[in-house]
Amino acid sequence: MKTLAERTAAQRPNVALTALLSLAPLAVGVIAAFLLQAVLAPAVGPFYAKLVLDVGIAILLSVSLNIVNGFAGQFSLGHGGFMLVGGYTAAYLTYYGSIALWGTAEIHGGFMEGGDIFFMVACVVGGIVAALAGLLVGLPSLRLRGDYLAIVTLGFGEIMRVVIQRTGDVLPVAEAKQKGMLGSLTNVGGSLGFTDVPQYVSPTPWLEKTGHAGIFFTYIFVAICVVVAFRLKASSNGRALLAVRENEVAAEAMGVVTARAKVTAFVMAAFFAGIAGGLFGHQSTLSPSELGFQKSIDIVIMVVLGGMGSISGAVLAAIVLTLLPEALRNFSQYRMIIYALSLIAIMIARPQGLFGTKEIWETTWWRRLFGRRTKAEAP
Amino acid sequence: MTIFLQTFVNALALGSLYGLIALGYTLVYGVLRFINFAHSDIFMIGAWISFTFTGWLGWSTGAPAYALPVILVLAMGFCALLAVAIEQIAYKPLRKAPRLNVLITAIGVSLFLQNTGVLKQVFGTQPQRMPSLVNDHVMFTLAGVGVQFVDVLVVLLAGALMLLLQWMVFRTRLGRAMRAVSFDERTASLMGINVNQVISITFGIGSALAAAAGLLYALKYGSLKQSADATWVLLGLKAFVAAVIGGIGNVRGAVAGGVLIGFLEMYGAAYLSPHLKDVYVFVVLIGVLLVKPSGLFGKAVVEKV
Amino acid sequence: MNFSGWTNRSVQTWLLTAVASATAVAAVSCNKMGGDKNKSQNGSNAVGSNAPAKAETGPILIGHYASMTGPEATFGQSTDNGVRLALEERNAKGGIKGRKVEIKTLDTASKASEGKTVVTRLINEDHVVALLGEVASKISLEGGKVAQQFGVPMISPSSTNAKVTELGNMISRVCFIDGFQGYVMAKFAKGDLKFDKVAILYDQAAPYSKGLAEDFTAAYTEMGGAIATKQEYTAGDVDVAAQLGNIKTSGAQAVYLPGYYTDVGNIVRQARKQGVTVPFLGGDGWDSSKLTEIGGDAIEGSYYSNHYSFEEQRSEVQDFVAKYKAKFGQVPDGLAALGYDAARVMFDAMERAPSLSGNDLAATIAATKDFPGVTGKITLDAKRDAIKQAVVLQIKAGKPAYVTSVAPKGMDVVMPATGSGSAAATPAPGAGSAEPPTGGAAPAAEPTPAAATPVMRGASQDKTEPAKKSAGKGDKADPDDGGE
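Chains as they are written, first to last, in our numbering: chain S, 169 to 547; chain Y, 137 to 441; chain E, 71 to 554.
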């Protein structure tokens, strides 16, 4: 007979192994990102590679918004605003930072050299600044619920848009050097958008000088975001969020600190939205008019379509809703009408979204198609 | 002093328009508890359809004295019917669905209306000038400020419609039914009220008011931008803010909120900086919500388990 | 059971094959990229320059990216109409080098980020040999980057921001840039109208408006004028009373309002209501029949700079207006004319170019000289910007009437052939009130041409020799005028 202590020790999982195993999905994600960049992108050509890139950014946005809208049930219309904050922070850092460090705003170094690392760090910093903004906006959610919160987040996004529209032109290199980084804080392009940001995120083929590996970088962040979302959903914190969504009073009665849960959700979502903004800003021109109210709504639609709380649903909806307008581009006059009508139709036909709270592999039709395997071995 | 008075006239007119649109938001929120995002598009259609009717009736160049009431009734009727149709098709199947779904549907309806409006066969993408249906002259001059007939008309007509609504909500059977549905839908239906009918009528009334606002807007500002333009959305958004500040679901609050937003915007623009006027509106909104989440005139609702 | 077993195994095999082939592809593509890299290092400007060397007999495909939907839809649609008209004409004349021309228009939905996607699609999926587009500078900047990268020549019809053609040798434009237009109005306000104090009201959210406001300020203050006040609005603003109030009290002699016609009419009407009586000055964004329709009496007497005047008797202008009205049932605006010119400059360069490869075509476009466009004689300078003289028009009786021409710095003014060959090169200070030049020599049947008359006139010009002669005479008179 072993002692109780021994028995529990045997039960306790090996820390190192667990840590390693928990990193496995991330490793898979990185490999997948690498394959997308190295194999898929050259094979499908620049246009489809660009779409793969756009899809990646859309996934990042919809999966992160799913944390607030889907898990915590807090209706946020400010995701475009967080994207704006993160994107401008990151773009400001790489543009003026590159000038301060290397004296030029061109792409610096090769794959995973100075410039790439710097850009990735800038994106993360952008995410952190956006997260702080999320904290700022999340605090009112202590008092507000539902629609009101939506309005506050919407107001936040609109304020950010107006403020950025009022900034000055981007300084050319020589002037930027003279003024230094702090001196150029308000020169982020105004309404023309933040032009001339080094385009680290570009769909152009692998390892070329212009834009090293945009797809690779984007999907690394996508992998991190998706893994975090899954972990969160399975964790006690995630359950707390779901409880808040279902019934806030009951959740509070069960010992969930609802205020903290909601703010945490906000901060996490804003962080990834900020990163998405950073990636967007390095592959296209950030412009305040594009990342406003309309963008926020686009992302909300992805989350609702995929099913509130379904991560794989959010991913799928992001893919579909990025590719659908592209497929309809030839009917330019009618594409938004078709888009609007299908939105209404889906909401009426499937109010819970395509997958509800379930993941794709938890749905009955998936089980019917692929799910017999494990059961087949049993009898 | 001149600037102050001039701003006062402009702010009152703009505030009345916001108030009229805000009433629609508040009415719908009262009975259905959701933000009707398509409301600003009904307002847009109200303006455009007034323009279209004026053209059809051949009043583009000169209009008889009875033109204004005719167009007003036509536009209000058209938008009321349109809204009831939208409600029947898009919102009614979602009565039992989560509110977020209805919201998304409303966004879908909004996108649909905007993008149908820009089609060549409908309103087109070119901006149009609304013919002046009334003889627009300076009525009286007050301390150097010429007060125009249109400004007076906007304020008076908006005020009259608001009073009419007030009377209807608080003095008629229909109004009592609306308040009952707003208070408790289930109980109301147990009391023999046809809830679906009341909701449809409420939609229609709110949209008719938006159409009136659209016509007044067209008369006051003269030019109509294409239906997918940000102008309409932003106007609608600010009217919605007005409804929230006044306490959404509260009829008097919506009017007060509208006038407040109008004054805030115009005086902020005149005395502080005209570029940040949207910022004032949203900052005040956030401030109000933080201090009194139910709005200035709203009642705090205690959540029951 | 069997079935699932089969699936399992097959999935495994499939995966194995996939991984194997993936590795192979990766290896190959890495090699290929290495090769490309070398090539691009050798090649001086464009990365690929890999314009598709397709069969030389099929139709030539040109891509047009434009805002067909969204807030700027009306600009994109006008431009596309102009482009389509040019295309129809060209194909009726037998196309280019014996091949038919096709134009594929894709919508950017007025969004800069879509510009990149659309241009990538046009180049890589539709394999266009050249591009036309966009109206908005911020979208042209995005699309231009891609065009430059893939070595596909692009002509922007109406992006006036200086940065656009700085993207590289593939990008050119047929319009003048903001700097010149700001200078034109500044010169006219200071020199001809003798105004010393002008207020500015511009759309702070529109780069076009902002750019013009800045360039006007720079030029005007350099000439010794003073800016009374600088006010801003946003296109979505319905009420600009506060800004107008400030302008009224500033004592300005005129207001420079470099916006789009979609806003200008409304703003000017509000201004008149508020007692701002001074004339308004504007840029080519005003050019549309909607301007006077919306502005009505309020806009009377205001001036704006433009590329051309409807009253010009040049056959290009009259033909274009007539054809456009016949086809689309409306008077063309400035953007339609620029779209038409951009397409025609492109066709012309394609005809002249030794081959349709990116570098050849871009070089030929850049060498465009004295092309007789609707919007004036188009010559591209070293920066591939069009050097044209601008005209200043005044709204009179609901129609833009020609007032004067302003040439770029260092160039002489060439009076357009509006008929009166004896007109002085630099008009008298009171030019505004002078008789519109139409009343001069040529077909003086109608002193103020009604909206419908250009059709007639254009048609008659096609047939009758005398009218053409008079246009020719006007042209001949040019050098003399310029020499003054």
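Simulated from the structure, these hints should not be mistaken for laboratory data. For every residue, glycine included, the Cβ atom is placed at its ideal position computed from N, Cα and C. There could be a bad hint or two in this list.
Claimed, not checked - Output of the computed footprint for chain S on chain Y, the stretches with three or more beta carbons under 8 Å from beta carbons of chain S:
hint, segment
1, 148-158
2, 369-378
3, 408-415
4, 419-429
Unchecked claim - In silico lysine-lysine, DSS-like type, Cα no more than 25 Å apart, as pairs:
hint, chain 1, residue 1, chain 2, residue 2
5, E, 447, E, 393
6, E, 343, E, 469
7, Y, 256, E, 453
8, E, 257, E, 397
9, E, 233, S, 345
10, E, 447, E, 233
11, E, 343, E, 267
12, E, 163, E, 393
13, E, 395, E, 257
14, E, 343, E, 174
15, E, 300, E, 395
16, S, 347, E, 233
17, E, 300, E, 343
18, E, 395, Y, 256
19, Y, 256, E, 397
20, E, 393, Y, 256
21, E, 174, E, 393
22, E, 479, E, 466
23, E, 466, E, 260
24, E, 163, E, 469
25, S, 526, Y, 256
Going down the list of hints, with the structure as the test:
Counting residues of the segment 148-158 of chain Y whose C-beta sits closer than 8 Å to any C-beta of chain S gives 0, which falls short of three, so the coverage hint is violated. Look at the segment 369-378 of chain Y against chain S: 4 of its residues bring a Cβ nearer than 8 Å to a Cβ of that chain, three or more, so the hint holds. Residues of the segment 408-415 of chain Y with a Cβ under 8 Å from some Cβ of chain S number 4, which satisfies the need for three, so the listed coverage holds. For the segment 419-429 of chain Y, the stated coverage by chain S is satisfied: 6 residues place a CB nearer than 8 Å to a CB of that chain, which reaches the threshold of 3.
Between the alpha carbons of residue 447 of chain E and residue 393 of chain E the distance comes to roughly 20 Å, so the proposed pair stays at or under 25 Å and holds. For the hint pairing residue 343 of chain E with residue 469 of chain E, the CA-to-CA distance comes to about 22 Å; that is within 25 Å, so the pair holds. For a cut-off of 25 Å, the pair hint linking residue 256 of chain Y to residue 453 of chain E is broken: about 38 Å separates their Cα positions. Taken as a hint, the residue 257 of chain E and residue 397 of chain E pair is broken in the structure, with Cα atoms around 38 Å apart against an allowance of 25 Å.
Distance check on the hinted pair: residue 233 of chain E and residue 345 of chain S sit about 20 Å apart at the alpha-carbon level, within 25 Å; holds. For the hint linking residue 447 of chain E to residue 233 of chain E, the alpha-carbon distance of about 23 Å falls within 25 Å, and the restraint holds. Under the criterion of a C-alpha separation no larger than 25 Å, the hint pairing residue 343 of chain E with residue 267 of chain E is consistent with the structure, at around 22 Å. Proximity of residue 163 of chain E to residue 393 of chain E is assessed by CA-CA distance (about 15 Å); at most 25 Å being required, the pair is judged to hold.
Distance check on the hinted pair: residue 395 of chain E and residue 257 of chain E sit about 34 Å apart at the alpha-carbon level, beyond 25 Å; violated. At roughly 46 Å between alpha-carbon atoms, residue 343 of chain E and residue 174 of chain E are farther apart than 25 Å, so this suggested pair is violated. For the hint linking residue 300 of chain E to residue 395 of chain E, the alpha-carbon distance of about 39 Å lies beyond 25 Å, and the restraint is violated. At roughly 22 Å between alpha-carbon atoms, residue 347 of chain S and residue 233 of chain E fall within 25 Å of each other, so this suggested pair holds.
Taking the CA atoms of residue 300 of chain E and residue 343 of chain E, the gap is about 20 Å. The hint holds against a cut of 25 Å. Our distance criterion of 25 Å between C-alpha atoms is met by residue 395 of chain E and residue 256 of chain Y, whose separation comes to about 17 Å. Note on residue 256 of chain Y and residue 397 of chain E: the hinted pairing holds, with a Cα-Cα distance of about 15 Å set against a maximum of 25 Å. For the hint linking residue 393 of chain E to residue 256 of chain Y, the alpha-carbon distance of about 20 Å falls within 25 Å, and the restraint holds.
At most 25 Å may separate the alpha-carbon atoms for a hinted pair to count; residue 174 of chain E and residue 393 of chain E meet this at roughly 21 Å. Of the pairs offered as hints, the one joining residue 479 of chain E and residue 466 of chain E is violated, with about 28 Å between alpha carbons and a cut-off of 25 Å exceeded. Proposed proximity of residue 466 of chain E and residue 260 of chain E is supported: the alpha carbons are some 21 Å apart, at most 25 Å. The hinted pair formed by residue 163 of chain E and residue 469 of chain E fails the criterion: a straight-line CA distance of about 34 Å is larger than 25 Å.
Among the hinted pairs, residue 526 of chain S with residue 256 of chain Y is inconsistent with the structure: their alpha-carbon atoms are about 43 Å apart, more than 25 Å.
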